[in-house]
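Q: Put chain B on the given structure of chain A with help from the hints.
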Amino acid sequence: MGGAPVRVVLISSHSGHYTGGVKEFEIEARTLLDVIRVLDRRYPGLGEHLEEETSVAIDGEIHEVAYFHPVHPGSEIYFIPKIEGG
Amino acid sequence: MDTKVIKPEAEGRGDRTLKIVGTSPVRPDGVPKVTGLARYGADYALPGMLWGAILRSPHAHARIRSIDSSKASALPGVKAVITSADFPEQKYEFVGPERVAINFWHMTRNVMAREKVLYEGHALAAVAATSKIIAEAALRLIEVDYEVLPHVIDVDEAMQPGAPLLFEDMITRGIDPPPNEASNIAKRIEFSIGDLDAGFAAADEIVEMNFKTAPVHQGYIEPHACLARFDNKGQGEIWAASQGHFVVRAFTARLLDMNIGDVLVHPAEIGGGFGGKTVIYVEPLAAALSRKSGHPVKIMMSREDVFKATGPTSGASMTVRIGVKRDGKLVAADGVFKFQAGAFPGSPVMNATMCGFAPYNIPNVRSVGYDVVCNRPKSAAYRAPGSPISAYAVESVMDAVAAKIGMDPLQFRLVNACRTGTPTVWGPKHAHDGCAETLKALLAHPAYAAPLGRNQGRGVASGFWFNNGGESSATVHVNEDGTVVVATGSMDIGGSRASMAIMAAETLGIEYEDVRAIVADTASIGYTHVTGGSRVTYATGIAVVEACRKVITELCARAAMIWSVEKDQVSWEDGSARRAGAGKHEPLSLKAIAAKRALTGGPIGAEASVNAGGAAPGFASELCDVEVDTETGSVKILRFVVAQDVGRAIHRSYVEGQMEGGAVQGIGWALNEAYVYDDAGHLLNAGFLDYRIPVASDLPMIETVLVEVPNPNHPFGAKGAGEVNIVPVMAAVANAINNAIGRRMTELPMSPPKVLAAIHTAPGK
Chain A
1 MGGAPVRVVL
11 ISSHSGHYTG
21 GVKEFEIEAR
31 TLLDVIRVLD
41 RRYPGLGEHL
51 EEETSVAIDG
61 EIHEVAYFHP
71 VHPGSEIYFI
81 PKIEGG
Chain B
87 MDTKVIKPEA
97 EGRGDRTLKI
107 VGTSPVRPDG
117 VPKVTGLARY
127 GADYALPGML
137 WGAILRSPHA
147 HARIRSIDSS
157 KASALPGVKA
167 VITSADFPEQ
177 KYEFVGPERV
187 AINFWHMTRN
197 VMAREKVLYE
207 GHALAAVAAT
217 SKIIAEAALR
227 LIEVDYEVLP
237 HVIDVDEAMQ
247 PGAPLLFEDM
257 ITRGIDPPPN
267 EASNIAKRIE
277 FSIGDLDAGF
287 AAADEIVEMN
297 FKTAPVHQGY
307 IEPHACLARF
317 DNKGQGEIWA
327 ASQGHFVVRA
337 FTARLLDMNI
347 GDVLVHPAEI
357 GGGFGGKTVI
367 YVEPLAAALS
377 RKSGHPVKIM
387 MSREDVFKAT
397 GPTSGASMTV
407 RIGVKRDGKL
417 VAADGVFKFQ
427 AGAFPGSPVM
437 NATMCGFAPY
447 NIPNVRSVGY
457 DVVCNRPKSA
467 AYRAPGSPIS
477 AYAVESVMDA
487 VAAKIGMDPL
497 QFRLVNACRT
507 GTPTVWGPKH
517 AHDGCAETLK
527 ALLAHPAYAA
537 PLGRNQGRGV
547 ASGFWFNNGG
557 ESSATVHVNE
567 DGTVVVATGS
577 MDIGGSRASM
587 AIMAAETLGI
597 EYEDVRAIVA
607 DTASIGYTHV
617 TGGSRVTYAT
627 GIAVVEACRK
637 VITELCARAA
647 MIWSVEKDQV
657 SWEDGSARRA
667 GAGKHEPLSL
677 KAIAAKRALT
687 GGPIGAEASV
697 NAGGAAPGFA
707 SELCDVEVDT
717 ETGSVKILRF
727 VVAQDVGRAI
737 HRSYVEGQME
747 GGAVQGIGWA
757 LNEAYVYDDA
767 GHLLNAGFLD
777 YRIPVASDLP
787 MIETVLVEVP
797 NPNHPFGAKG
807 AGEVNIVPVM
817 AAVANAINNA
827 IGRRMTELPM
837 SPPKVLAAIH
847 TAPGK
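The listed protein sequences derive, respectively, from chains A and B.
Number 42 in the working numbering belongs to position 42 of the first sequence; there are no gaps in the numbering.
Count along the second sequence from 1, then add 86; that gives the number in the working numbering.
The following block holds chain A by itself, in its conformation from the complex (with noise of 0.2 Å):
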């Protein structure tokens, strides 16, 4: 990948269902896409799971998950459970 490594947090109570229990995870990513990429082959089916059910936070910032968001070396990616509004 050439990237370095991003920590990953998964929040979303469901996520634990694929992982076993595991939530905290270092993976070699530049883009989310690649972080579910590689998540997705340790855990099959965990990276549709992140697509359709969680929103992420980069740093704090929360967006809607998409393949093209950047991550940058040491960044924190919480996988957390969409918000609702009114």
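Wrong hints could be hidden among the right ones.
[Unchecked claim] Result set (EDC-like, lysine to aspartate or glutamate): computed pairs, CA atoms no more than 20 Å apart in a straight line:
#: 1; chain 1: B; residue 1: 177; chain 2: A; residue 2: 52
#: 2; chain 1: B; residue 1: 515; chain 2: A; residue 2: 76
#: 3; chain 1: B; residue 1: 411; chain 2: B; residue 2: 262
#: 4; chain 1: A; residue 1: 23; chain 2: B; residue 2: 262
[Stated by the list, open to error] Computed list of chain B residues with no C-beta within reach of chain A, every gap over 10 Å:
#: 5; residue: 233
#: 6; residue: 242
#: 7; residue: 293
#: 8; residue: 619
[Said to hold, decoys possible] Not close to chain B: a few residues of chain A, all C-beta gaps over 10 Å, as computed:
#: 9; residue: 26
#: 10; residue: 27
#: 11; residue: 28
#: 12; residue: 41
#: 13; residue: 45
#: 14; residue: 63
#: 15; residue: 64
#: 16; residue: 78
None of these hints come from the bench; they were simulated from the model.
All figures in this text were calculated on a predicted structure; none of them were measured in a lab.
The C-beta atom is built at its ideal place from N, Cα and C for all residues, glycine as well.
A: Relative to the frame of chain A, chain B by itself:
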């Protein structure tokens, strides 16, 4: 209106060159609304149109043994009767994100009851006839055989073992391993950081309190209404007011087993929604009746229908415990939030657990939520869904903690205010400031030092709301005369047409009056998510600015062609193309280029679609002065100040209006509003005479302080402004009452009988 604007040192991009952003030009929807020209869902009609009417359950909970509609069908003038049998069964599965996970098995049953009715007012059949009178007469001919069942409404009672079960096989989600027994608890959620036990062990003082809130309705003035028609190819059209016509299209298509592309939804003007119009009720029924009858069908809810069958927000039962050091630093917080979901899972309890402690830097926090079904209408989103409820509990306890350690309540909050880098209970660190700035604004406000009289009190509270981004689409077209049309897919519920026109005019460098902003139908613009979550000025605004930038690129290219120069020699400034570094050519205005459009390539326009992230959250800190009539328990609001971080106000008076509106809705929630049921689960106050929302004569002028900490992720620094203003209100009012009479009010609404009872109870009891 008394408005202040506070701009912290951190200025946003290009602030000093802004000409229109931050002003209050004439609202495009103002004159049509006050002169009756605006067309709401109920204003649409078509030739051959039928009237739809809905049969609703008289019982809070009953099994439907049978429905016989033969007599209704035989009534002259009746063209169609539908029941749940006219809708395909849906698979039982939760799809989409956890909080907003949609289970169409639930949705189709909420729209039209199947095996059971789950609340008074639950729809179970509908009729289309040539007149309203005939349709309503037909409803009386439908024979329903009910097996009436025990019901439960209170959230604590609904969680008890042995409570009447709405779904006999529902196992609580979010507990590992899952429980063996069915219950009304649809889901349990928990967030935590740090070591809660160690945190409380380190505390010098701990305060724990219990709270209850009543379900309250969004109280929009316009009842739900729609017109639907099908053509002979099976394609449908719907005219309806909603907070998201793309969602109306998707949900209706799903419930009718249609392709999304075969449903076209026209956005009608909307008369308020506040979250309650992000879901569907009458649209699939009108569409099904139209499909069955071959005629257009119109359905209008009555106010009673709205109260009995559309989503209020949850009532709740909560326990909050907070630990603090004597120097005022928070060390631990624990909250348990139990929310009524209504008849189907999906209360906003997750938001409540995430937002309640979010304004503060607390190293050890646990926040637990329960989503509990009960026999009242399914809850729907209401302005910062969930956050005002948990804030009422948290901010009341914060007030009690401040008093216990002898600290000023605003200073106490400021000492603990979150800042960029503060951890949240859901994991990530805050990425934006704003909380402390609102507290400082309130501390500096003259209201905070103003003297109080006898039986008067002052309360403060703060609140957090995420603000959303997400998917939005916009088109910008240059007309032949150089005026501009901006079309978006966002329903205008809080002034978005004005703010989109402002952002387009500012970006293009033209006059606001030369831009017309419209809301396009679902076939004329790209997908756009609902107008909710305070997302439109942010996300749709980004789409509009991107489309304008594309138009500017094209305008520069056209100018280059006219001047016979390379494109890179042309720049755009103050609404005109200019040739860089040379005085050979007079600038070409947008109007001048538009006049040459045909010669240079044809019409000029662009579309932009975005999935906007990086929406900064909103913070608000608020002050309330009250006077309590100790003989009647009546509470009068003397003064109310809203200090809110809005990032950058795009249309200033619309933003002020949002802040005032949030405060007023919260005051109603605090003092008056509640669903009142009899022992049989019948709603007793399904009308505005008995369900009392505040009116102008109940209120002082709401004072607004626009705190502007720009969001660098938005072209003009905007943050969502529509929701966080309601979050602190109930707590601010409760804290003011406590300050006036020395009684902590722990149950909403704080109506005169409850306040009087509190006055007659010894303090601390």
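Q: The structure should be examined with respect to each hint, and the outcome stated for every one.
A: Results for each hint:
In summary, the hint linking residue 177(B) to residue 52(A) is supported, as the alpha carbons are separated by about 18 Å, within the 20 Å threshold. Taking the CA atoms of residue 515(B) and residue 76(A), the gap is about 9 Å. The hint holds against a cut of 20 Å. Straight-line distance between C-alpha atoms of residue 411(B) and residue 262(B) comes to about 35 Å, which puts the hinted pair past the 20 Å bound. The suggested pairing of residue 23(A) with residue 262(B) holds, with an alpha-carbon distance near 16 Å, which does not exceed 20 Å.
Taking the minimum C-beta to C-beta distance to chain A, about 35 Å, the non-interface status of residue 233(B) holds against the 10 Å cut. Remark: the non-interface label on residue 242(B) is consistent with the geometry, its nearest Cβ contact in chain A lying 24 Å away (cut-off 10 Å). Remark: the non-interface label on residue 293(B) is consistent with the geometry, its nearest Cβ contact in chain A lying 28 Å away (cut-off 10 Å). Non-interface call for residue 619(B) relative to chain A: violated, since the shortest CB-CB distance, roughly 2 Å, does not exceed 10 Å.
For residue 26(A), the non-interface assignment is confirmed: its Cβ lies about 16 Å from the closest Cβ of chain B, beyond the 10 Å cut-off. The Cβ of residue 27(A) sits about 16 Å from the closest Cβ of chain B, beyond the 10 Å cut-off, so the non-interface label holds. Every CB of chain B is more than 10 Å from the CB of residue 28(A) (nearest about 21 Å), matching its label as outside the interface. No beta-carbon of chain B comes within 10 Å of the beta-carbon of residue 41(A); the shortest separation is about 23 Å.
Every CB of chain B lies more than 10 Å from the CB of residue 45(A), the least distance being 15 Å, so the non-interface label holds. With a least CB separation of 3 Å from chain B, residue 63(A) falls inside the 10 Å interface cut-off, contrary to its annotation. Non-interface call for residue 64(A) relative to chain B: violated, since the shortest CB-CB distance, roughly 5 Å, does not exceed 10 Å. With a least beta-carbon separation of about 4 Å from chain B, residue 78(A) fails to lie farther than 10 Å from that chain, contradicting its non-interface assignment.
This entry does not satisfy hints 3, 8, 14, 15 and 16, going by the numbered hints stated previously.
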